[in-house]
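The listed protein sequences correspond, in order, to chains A and B. Take the first sequence: its position 344, counted from the start at 1, is 344 in this note's numbering, and no numbers get skipped. Take the second sequence: its position 82, counted from the start at 1, is 82 in this note's numbering, and no numbers get skipped.
Since the hints were made in silico from the structure, they are not lab data. Keep in mind that a hint or two might mislead.
It does not matter which identical chain is meant; a pair holds if it fits inside one copy or across any two.
Below, computed lysine-lysine pairings styled on DSSO-like, alpha-carbon distance capped at 30 Å [claimed, not checked]:
hint, residue 1, residue 2
1, Lys50, Lys357
2, Lys314, Lys50
3, Lys185, Lys25
4, Lys15, Lys245
5, Lys244, Lys180
6, Lys95, Lys50
7, Lys14, Lys262
The residues making up each chain are set out below.
There are 2 protein chains.
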Amino acid sequence: MSLYTTPVLNINLKKLIKNFELLKKLSAPATAAAVIKDDAYGLGAVEVAKTLYTAGCRHFFVAHGAEGAVIRPVAPEAEIFVLQGIGEDSLEFFKKARLTPVICSPVVLSFWHQNQIAGIKPAIQVETGLNRLGFTREDLEQLSPEELNSFSYVLSHLSSADEPAHFMNERQLTNFQTIKNRFFKNTPATLSASDGVFLNKEFHFNLTRLGAAMYGINTAPYRENQMQNIIELKAPVLQVKPLKKGEFVGYSATYRAPVDMKIAIVSIGYGDGLPRSLSNHGKVVFYQDNHPVFCPILGRVSMDNVICDVTNLKDIKAGDFAYLINDDQTLDDLARDASTIAYELISNIGKNPRFIKSYTR
Amino acid sequence: MSLYTTPVLNINLKKLIKNFELLKKLSAPATAAAVIKDDAYGLGAVEVAKTLYTAGCRHFFVAHGAEGAVIRPVAPEAEIFVLQGIGEDSLEFFKKARLTPVICSPVVLSFWHQNQIAGIKPAIQVETGLNRLGFTREDLEQLSPEELNSFSYVLSHLSSADEPAHFMNERQLTNFQTIKNRFFKNTPATLSASDGVFLNKEFHFNLTRLGAAMYGINTAPYRENQMQNIIELKAPVLQVKPLKKGEFVGYSATYRAPVDMKIAIVSIGYGDGLPRSLSNHGKVVFYQDNHPVFCPILGRVSMDNVICDVTNLKDIKAGDFAYLINDDQTLDDLARDASTIAYELISNIGKNPRFIKSYTR
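Build the full structure now, drawing on both the sequences and the hints.
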């Protein structure tokens, strides 16, 4: 008798490298940088950075100074850009770990001038239509030629690159080209994240910033995913029991059995990052005779458990594993059922400390 | 000039104790146990357990064996119940940390019989209508009198205790009383979590399991919250900029400015556990002349940033803080705007490693 209670998360670093290599090829001749902010989308920044550094990656993007400091030991010679910029609460990380701030405004630039770090040439972010971080055209006009020449990269970010026909793509490209020609003639440029890589070469400039697609998410959903899934998340069945016609399942009794059924209680819930919006909606995958069987989630997802309909599974028992994410139910599939995007899903799941987490190397 | 980049989370342990004391009073003469599974709903199991142990709490509930082992050092004499039960992957934690499994089925009971730990008397969970974990009546009928007498507590869980008029409350109470009278005459019993505490005394039995309400969530939403908010979450403004009429904000350009506006880019996003469902929907709070000003979130919440409308704030600047959760916008308020429950919200937020996390003692 084998009984388990803990969810298990595996991340395949071999496939991560394959995804990176493919995106790098699509990006060439632009340099391929890796985006490992948010603990590498929850998958483990140190493991991911180490893997990619070994595979030759020398440019990394993180959101926060603290995140940059975490990966510096495994990426000693890399340039590590910090997208949220620099402040009093992160200055020490920049100094110790030799991080490169991405400067988003005249205010942050003043701060940088007062706190410069020898040998570090910051990048500058410019506004092209996303209306998130970045210098406006009016801001740029206030900078001296020396200031304009003091940046290692000029950076902007696309709002709608996952929809090639979206009007924002051309608009932002034109704005970026205009700004570059006017203010940053000789400064290397970077505009595209993973989704921009699948647009045409004009969007690539000198450096692409590879994140979501590298982690297996389809950032070009208008065509089949070219990336490999790198995540396997499974959780053990704690109990299998009959559910009689007319009985209810879960909090607030939102599911009522229309016929006699069989249910499995699986040891994973929203406390593990599994979205509660999968209630009465998502599916877990079991395997029967090596074929996937998609079993609907019944009632509400609770903090530690999810209940599913296993009426059609003949041999299921406690100790068997239900699969939440794998090649048969990808991150994108589960995110769709949860009415969100795979980015948010994996960010909440990946960081969870309750999993038995492992890496395939 | 003060610039910051990192979100800041504070948890008020003084108020936690006050909430616990009030719930304990409402529970008396039943014993008050603390539920600190899921890393104390993300707020830090060790800190919370230490605080409550010092305040006299001697009964704790966690979900997983590993979670029990984490708090054992700060709760040396407490009884620590493990709700997800016991398996091969958690057996060592039970042995080392002297944990008490909650047994949910005959299969798990067999496992326990093969792996008993001297000095530990398990609890038993019974099915009363939630159709989650628990022995069915048919299962119980198979147990010998000796087996039935071998448990420290008989436990079940209410599905709908946050709605006092819900038919499930009476149904589950009756089922629980029937099972107790038939099988567990002399075994102490526990049925209610926080929400059940606010139902009448019949639901309290010998032990109540205090979780959500202790953390400030209103588990009796049919009346005003008697609990104190214990959480303050704030994030710095990175940039303030104009947004011209007709311009768009954020991914997929889902917000279009109907007039000239002013926006603030705040350094927190779904990568920090802030639900993406707040896109174009939630609010952040700023303070002007000591009064809260609720500023709508514009466009999509992104991984590291949220953009909000600060047109009506005269003096806002980079380095100011936006409040996401505090006494003016509680967990319940933010969860409502995110179309979820405060339990899921705090579980995703609390565990995030990117915050500067502090405790008020």
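Results for each hint:
| no. | hint | in the structure |
| --- | --- | --- |
| 1 | Lys50 - Lys357 | both (17 Å within a copy, 27 Å between copies) |
| 2 | Lys314 - Lys50 | neither (44 Å within a copy, 46 Å between copies) |
| 3 | Lys185 - Lys25 | within (26 Å within a copy, 71 Å between copies) |
| 4 | Lys15 - Lys245 | neither (45 Å within a copy, 45 Å between copies) |
| 5 | Lys244 - Lys180 | between (68 Å within a copy, 22 Å between copies) |
| 6 | Lys95 - Lys50 | within (21 Å within a copy, 36 Å between copies) |
| 7 | Lys14 - Lys262 | neither (38 Å within a copy, 46 Å between copies) |
Hint compliance for this structure: hints 2, 4 and 7 are broken, all remaining hints hold.
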